[in-house]
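A.B. asks: Sequence:
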Amino acid sequence: MSRPEVPAPGRGVIHWEIGARDAERLRKFYADLFGWEIRDAGPGYSLMVSDGDGIGGGILQVEDPMPTYLTVHVGVDDVETVLARSATLGATETVAPTLIPGVGYFAMFRDPEGHDIGILAPLPTRPLQS
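For the sequence shown, this note's numbering gives the first residue as 929, with consecutive numbering after it.
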């Protein structure tokens, strides 16, 4: 049985993200629990800096009606192509392709079982891992 050709393969998980009701409390929790260095990265967003032993991630302050969440982001070459392919395979777009200035383009979809997954095409000068 042959596998279908994948036009824009993913590079693997390059970032994780937690959406939290009390992001400051969660930052402190993970910093205290794992000794993570967590830095402010803009209004309502913090980055856990990878020390090379894993991937970095982020904590986002969410407000109602947005639910809390935990997700991963997969590195891709072309967000729009992968998002369109995800739809043909049964996914639903939840966040349209969006530019993160200085970082790259991202989008999100809900897979056929209801998991929210991000895809990220980093700008050429941006490393894949946070």
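Bear in mind the hints are in silico, worked out from the structure with no lab data behind them. Just so it is clear, the structure is predicted and the values come from calculations on it, not from any experiment. The reader is advised that the hints may include incorrect statements.
[Claimed, not checked] Cβ pair distances, simulated, as ranges:
| # | residue 1 | residue 2 | range |
| --- | --- | --- | --- |
| 1 | 959 | 1006 | 22 to 28 Å |
| 2 | 997 | 968 | 28 to 34 Å |
| 3 | 941 | 1027 | 33 to 39 Å |
| 4 | 962 | 1012 | 24 to 30 Å |
| 5 | 1012 | 939 | 28 to 34 Å |
| 6 | 938 | 962 | 34 to 40 Å |
| 7 | 956 | 1024 | 28 to 34 Å |
| 8 | 959 | 938 | 25 to 31 Å |
| 9 | 1042 | 992 | 17 to 23 Å |
All C-beta atoms, glycine included, are put in the ideal place defined by N, C-alpha and C.
A.B. asks: Next step is simple, just say for each hint if it's right about the structure.
C.D. replies: Each hint tested on the structure:
no.: 1; hint: 959 x 1006: 22 to 28 Å; in the structure: violated (35 Å)
no.: 2; hint: 997 x 968: 28 to 34 Å; in the structure: violated (20 Å)
no.: 3; hint: 941 x 1027: 33 to 39 Å; in the structure: violated (21 Å)
no.: 4; hint: 962 x 1012: 24 to 30 Å; in the structure: violated (37 Å)
no.: 5; hint: 1012 x 939: 28 to 34 Å; in the structure: violated (18 Å)
no.: 6; hint: 938 x 962: 34 to 40 Å; in the structure: violated (26 Å)
no.: 7; hint: 956 x 1024: 28 to 34 Å; in the structure: holds (33 Å)
no.: 8; hint: 959 x 938: 25 to 31 Å; in the structure: holds (30 Å)
no.: 9; hint: 1042 x 992: 17 to 23 Å; in the structure: holds (20 Å)
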